[in-house]
Amino acid sequence: MVFTDIVFYVLAAILLFSGIRVITTRNPVHAALFLVLAFFTAAGIWLLLQAEFLAIALILVYVGAVMVLFLFVVMMLDINLDKLREGFWEYLPMAGFIGLLMIVEMTMVLADKNLHPGQAAEAPVNYSNTATLGRVLYTDYLLPFELAAVVLLVAMVAAIVLTLRERRDSKSMNPSEQVRVKRNDRLRIVSMPAEVEAPEPAPAAEEKK
Amino acid sequence: MENMQFDLLALLPELVILGMGMFILLLDLFILSQNRSILYGLSQFTLFAAAFFTFKTHTPAVGFSFSHMFIDDTLSDVIKLMMYLGTSLIFVYTRKYLQDRNLFRGEFYAMVLFGLLGMMIMVSGHNLLLIYIGLELLSLCLYALVAFDRENPRASEAAMKYFVLGALASGMLLYGMSMLYGMTASLDVSDIANSIMQQNKSPVLIMGLVFVVAGIAFKFGAVPFQMWVPDVYQGSPTPMTVLIGSVPKLAAYAMTVRLLVQGLHPLALDWQDMLMLMAVLSIVIGNFSAIVQTNLKRMLAYSTISHVGFIMLGMMSANANGFASSFFYISTYVLMSIASFGIILLLSRQGFEAEEIDDLKGLNQRHPWFAFLMLIIMFSMAGIPPTVGFYAKFTVLQAAWQAGFTWQVVLAVLMAVIGAFYYLNIVRKMYFDAPADHSPLTAPVDMQFILSVHSLALLGLGLFPEILLGICGHSLLISLQ
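Heads up: the protein sequence lines correspond to chains A and B, in order. Residue 177 in UniProt numbering sits at position 177 of the first sequence, and the numbers go up by one each step. Residue 40 in UniProt numbering sits at position 40 of the second sequence, and the numbers go up by one each step.
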């Protein structure tokens with residue numbers, strides 16, 4: 001067994017452990033921290049594959065930015081844990097069945113003898129993963145790259161459209177809206193039967209009881 | 001890098017849409033809210049300009065650009081022109097509704113244009129990555145548009161359902177794509193086809209195919225991936241429903257052609273069975289569920305599912321004839337669905353949604369002309385001659401029959417007869433029931449006029465079906481050579 005193999009298995013074991021802990025731990029802050037650990041070990045595995053840029057990007061973007069934001073949200077929201085875990089046992093058989101199905105599928109895929117990972121060619125000494133990635137990104141993959149920027153723009157616009165609210169305490173008036181008011185917005189005419197004076201009940205009958 | 005300039009020229013319509021979308025987004029900040037009609041005009045102008053450039057740069061030859069990622073063939077040009085027309089009609093029909101409900105904002109037009117851009121990329125994508133990004137761009141815009149009316153809890157619920165299930169479907173599509181990439185070592189559609197041809201069929205390829213087909217079926221709303229359709233159709237504000245239910249189907253069709261025909265044609269025997277199963281189930285479940293609906297939008301959602309079944313009925317033949325027939329079906333379906341939602345939008349007014357079937361009661365006494373138009377639309381959806389819907393069903397069934405799918409065709413004809421029940425039920429309510437409310441129409445004249453022309457076109461196309469049929473068949477044939 002080569003040294004890199006040992007490193008891989010250690011990292012993989014940590015990754016699996018932290019992945020399981022993410023969904024089993026009771027405390028959401030702990031779960032988020034276990035997710036950070038999972039990202040770190042995944043980045044380590046990518047380093048083994050000599051994908052340095054991706055490994056660093058994973059740590060910078062996911063651990064550095066996304067997870068920090070996520071932790072903020074988890075800490076600020078008062079999450080009711082018992083409510084979250086409600087129905088866990090109820091859904092377990094179904095979830096377990098689907099999980100089993102996925103394991104079978106993955107085994108079928110990985111056991112396929114047509115899927116033979118070729119030995120990666122030895123990279124030249126001064127080979128830079130980052131430079132190659134950059135070159136491909138701005139030539140062959142220019143169009144998807146630019147379109148991904150449009151996707152981000154749309155996400156930003158959507159987030160603002162859905163959350164930006166005009167100040168509720170603002171006392172300013174909008175004359176054009178006031179003019180457009182219709183009668184039905186202010187006044188509701190309800191048709192009711194005319195009230196008829198009820199005949200005097202006979203209290204004497206009650207008292208007799 | 002030398003032919004960069006030429007590359008951009010092929011993308012001219014997309015660039016126009018993108019640029020104008022951003023311009024509208026910015027302009028919205030600087031104009032007064034009572035002048036927002038400018039944005040509407042600009043959006044219509046954008047669609048016109050894009051159509052002009054698509055038409056001008058059209059050549060019968062198949063052109064590639066951006067390192068074989070972007071394909072510019074006749075099929076993509078024809079579908080794009082149909083998309084501009086559909087979006088333009090939607091803009092006309094939805095303006096009054098949006099103004100009445102304080103939704104008439106620049107973001108609506110910008111988001112629709114960005115979504116259109118995503119659809120155009122899907123149509124012209126010749127690379128799995130590009131197709132996926134186009135799909136995400138479209139989906140993201142649609143999710144946001146469904147939730148656009150923030151005060152409406154039903155719309156928020158619909159958006160949430162659509163988002164969660166849509167994200168799941170995108171994930172499945174991506175998973176399938178990654179398996180295809182693993183087996184063929186390429187993201188390019190034609191390289192994938194060549195690579196599959198040279199290797200043995202393996203479980204991984206089939207599994208990748210299953211996931212890709214599942215992703216496509218979700219976008220179409222075919223059984224068993226139909227669960228989002230009724231809830232999202234009913235919950236969304238009507239303008240968003242028509243946006244989801246019409247033009248994106250064209251994009252989904254183009255995606256199917258790119259992925260299944262141009263990319264995975266060597267596996268046609270496998271996906272034929274999958275499409276057949278989905279087609280039969282969609283037609284049966286869609287038609288039977290539509291019968292019991294009382295909400296017009298929900299009924300139209302189930303009718304969409306059955307129409308999708310017919311579209312897949314054409315595609316399962318896996319030959320040019322079948323795909324041409326489903327192209328014809330889908331283009332007529334887009335026209336029909338926009339028209340039917342156009343009627344709902346026409347009858348809606350401030351504070352009133354005409355979305356129950358009973359709201360159409362006695363329409364003949366209130367507005368005989370629009371009752372007649374709705375009659376044409378419903379006849380066309382049911383497939384009653386001489387409307388175009390009849391020819392659409394006829395060509396699809398003919399193609400399936402010629403490909404040897406006998407019992408499927410017989411079943412589809414039976415189901416079409418059952419389906420006619422709920423369309424004719426609407427006609428019965430319009431003509432034989434007494435009207436429940438007598439409020440006058442508030443729709444602007446331009447909308448009434450264009451809706452009339454649009455609905456009459458369904459009749460006109462039915463009388464001369466060979467025009468549209470010829471365009472569909474021709475564009476598909478010279479693109480698939």
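Derived from the structure by calculation, the hints contain no laboratory data. A quick note: this is a predicted structure, and the numbers were derived from the prediction, not measured. Please note that the accuracy of each hint is not assured.
Derived CB-CB ranges, DEER-like [stated by the list, open to error]:
| no. | chain 1 | residue 1 | chain 2 | residue 2 | range |
| --- | --- | --- | --- | --- | --- |
| 1 | A | L49 | B | G63 | 36 to 42 Å |
| 2 | B | G63 | A | V66 | 38 to 44 Å |
| 3 | A | L49 | B | W401 | 50 to 56 Å |
| 4 | B | G404 | A | F88 | 47 to 53 Å |
| 5 | B | R154 | A | S176 | 26 to 32 Å |
| 6 | B | D100 | A | L152 | 45 to 51 Å |
| 7 | A | P93 | B | T406 | 39 to 45 Å |
| 8 | B | G404 | A | S128 | 55 to 61 Å |
| 9 | A | F70 | B | G171 | 17 to 23 Å |
| 10 | B | N102 | A | V10 | 22 to 28 Å |
| 11 | B | D437 | A | L137 | 57 to 63 Å |
| 12 | B | G470 | A | V66 | 48 to 54 Å |
From the derived model, a few chain B residues whose C-beta atoms are all more than 12 Å from chain A [to be verified]:
| no. | residue |
| --- | --- |
| 13 | F45 |
| 14 | S67 |
| 15 | G106 |
| 16 | G115 |
| 17 | L117 |
| 18 | I131 |
| 19 | Q272 |
| 20 | G362 |
| 21 | W407 |
Here a beta-carbon is modelled for each residue, glycine too, at the ideal position from N, C-alpha and C.
Structure-based check of all given hints:
no.: 1; hint: A:L49 with B:G63: 36 to 42 Å; in the structure: holds, 37 Å
no.: 2; hint: B:G63 with A:V66: 38 to 44 Å; in the structure: holds, 40 Å
no.: 3; hint: A:L49 with B:W401: 50 to 56 Å; in the structure: holds, 53 Å
no.: 4; hint: B:G404 with A:F88: 47 to 53 Å; in the structure: holds, 50 Å
no.: 5; hint: B:R154 with A:S176: 26 to 32 Å; in the structure: holds, 28 Å
no.: 6; hint: B:D100 with A:L152: 45 to 51 Å; in the structure: violated, 33 Å
no.: 7; hint: A:P93 with B:T406: 39 to 45 Å; in the structure: holds, 42 Å
no.: 8; hint: B:G404 with A:S128: 55 to 61 Å; in the structure: holds, 57 Å
no.: 9; hint: A:F70 with B:G171: 17 to 23 Å; in the structure: holds, 19 Å
no.: 10; hint: B:N102 with A:V10: 22 to 28 Å; in the structure: violated, 59 Å
no.: 11; hint: B:D437 with A:L137: 57 to 63 Å; in the structure: holds, 60 Å
no.: 12; hint: B:G470 with A:V66: 48 to 54 Å; in the structure: holds, 52 Å
no.: 13; hint: F45; in the structure: holds, 21 Å
no.: 14; hint: S67; in the structure: violated, 4 Å
no.: 15; hint: G106; in the structure: violated, 10 Å
no.: 16; hint: G115; in the structure: violated, 8 Å
no.: 17; hint: L117; in the structure: violated, 7 Å
no.: 18; hint: I131; in the structure: violated, 10 Å
no.: 19; hint: Q272; in the structure: holds, 22 Å
no.: 20; hint: G362; in the structure: holds, 22 Å
no.: 21; hint: W407; in the structure: holds, 31 Å
Going through the hint list in order, the structure does not satisfy hints 6, 10, 14, 15, 16, 17 and 18.
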